[in-house]
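These protein sequence lines are chains A and B, in that order.
The opening position of the first sequence corresponds to residue 1 in the numbering used here, with each subsequent residue numbered one higher.
The opening position of the second sequence corresponds to residue 1001 in the numbering used here, with each subsequent residue numbered one higher.
One or more hints might be untrue.
Claimed, not checked - A few chain B residues facing chain A, derived, Cβ under 7 Å: (1) Leu1050; (2) Val1051; (3) Arg1070; (4) Arg1072; (5) Arg1083; (6) Phe1084; (7) Pro1085; (8) Asp1099.
None of these hints come from the bench; they were simulated from the model.
No experiment lies behind these values; they were computed from the predicted model shown.
Note that CB positions come from ideal geometry on N, CA and C, so glycine has one too.
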Amino acid sequence: MRQMIALARQSARELMRSWWTACYGFFFMLLASALFAFGEEPAQAVVSVLDLVLLVVPFVSIVMGVLSFYTSREFAELLLAQPVARATVFFGQYLGSSVSLAAAFALGLGAPFAWYGWNAREQSGTLAVLLLGGIFLTFIFVAFAYAIAVRTENRLKALGAAIFLWLFLALVYDGLLLGVIMAFSSYPLEKPLLGLIALNPLDVARILILLRLDVAALMGYTGAVFKQFFGSSLGLGVASVCLTAWVVLPLAVGAKAYARRDF
Amino acid sequence: MVEATNLKKRFGSITALDGITLAIKPGKITSVVGPNAAGKSTFLRCIVGLVYPDSGEIRIAGLDISRDWRCRRQLGYVPQSARFPEGLSARELFALVCDIRGVASGNSKELVDLFGLEEALDRPVRQLSGGTRQKLSIVLATMFDPEILVMDEPTAGLDPLSSQRQKRWLERERARGKTILLASHIIAEVEELSDRVIFLLDGRVYFDGAPGEATRLTGQPTLERAIAAMMEQQRW
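Let the hints inform the model, and build the full structure from the sequences given.
See below:
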């Protein structure tokens, strides 16, 4: 554990020193400030921020995850020649990357919320769920990044694969889902749809946050089903378990490959 | 004591190691020589546990390196070309490695003095020259006084003075009973230092013995010529 923390600190330090990480945090700070300053209602601001969180957090996490993996890959020899288990090196670096990105996001987004929206008490719950969703997405997409990068010798190929995965989950998947809904519109689809949504961590995070915002009514009948399911504490639990599984799964795949590969 | 038993390793269609069985003894300097791509670095990396052999095993003081990372407590490794986190200074690097090893400090002073590294210690690694990085890599590998030293081309990039100093230092370590394993392509240096030379060719041990034995067997005046003669012989 002590070794893992030492490695995580090192990997976090690299990212924290990076100009990009600061820009990333600053981006959310500006964004949320602007929305609060110009928007009429904080609730609308939250919805707009939500869209950007769902798009930007996964993208930046997966790209920075791949880049930081390759940066540390270069001196892997130095670390792996030390008396330390490979899994410790892998998880330590993963923790360092994801915690620093999550911190940049949470500080960036949290600051203007604290400044503008704190007096509206009900907003703090929304902020919490927004932060939770964003932090989950950070851990999930950095895990994807590591799982991809471990198996790919070439940095550009890994970046390509990472961006493809992001594009697929952020944009293509929902299109396919719509196709399925249209094709089987005469069947009761709610339950299979719940399953299909669980397969995309972005959708799970989106629904989790939207339901908290109480705009589920906008989603029609399906929305009502989701509200019934996700709105309950059971649904919240299931969604959290689902998101946790999406952190653990790619991480386990990555760690296994890391333990077997040659350096 | 390092023992390798029937090591085999392929990278795609290339056979890097083809059944190597060796025991590297303490109190001796053992050098691995051979043409480019003979498997020298792969052999060393297997011993450190950076590369896993397809078959065969490596034991360090009786423990299997692929199963027990604790073996590496007794091991110092100097890679062929050392890379470091570029933003850190040498001092921060020492601290990081101490942190990972869970020790308060190591003894870096002796080699820092030997190489005259003192004033480079606070500069970020990215500003250091290739030779200085190499020295830093040697300090990092030796600062915890490991029983076994595995060095891949340790004098590459070093100026003649540092190179000489390092050789004298290695001789002192040998006298202290350390197990020292080098890979080098500078045969004159190998001849000067080694108690035992292992000549690898196409992933196999082609010759294993004292430098004097190689020259006697081939009837050549120097080890370099003896090795060259063996390579030519092989070609026929």
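Structure-based check of all given hints:
Because the beta carbon of B:Leu1050 sits about 4 Å from the nearest beta carbon in chain A, less than 7 Å, this interface hint is met. Evaluation of the B:Val1051 hint against chain A yields a held restraint, the C-beta minimum of about 4 Å falling below 7 Å. Because the closest C-beta pair between B:Arg1070 and chain A is about 6 Å apart, less than 7 Å, the hint holds. Contact between B:Arg1072 and chain A, as hinted, is supported at the beta carbon level, the nearest pair being about 4 Å apart and thus within 7 Å.
With a least beta-carbon distance of about 5 Å to chain A, the hint placing B:Arg1083 at the interface is held under the 7 Å criterion. Using the Cβ-Cβ criterion of 7 Å, the hint placing B:Phe1084 at the interface with chain A is satisfied: the shortest such distance is roughly 5 Å. Because the closest C-beta pair between B:Pro1085 and chain A is about 6 Å apart, less than 7 Å, the hint holds. At a threshold of 7 Å, the smallest CB-CB gap from B:Asp1099 to chain A is about 4 Å, leaving the interface hint in force.
Hint compliance for this structure: no hint is broken.
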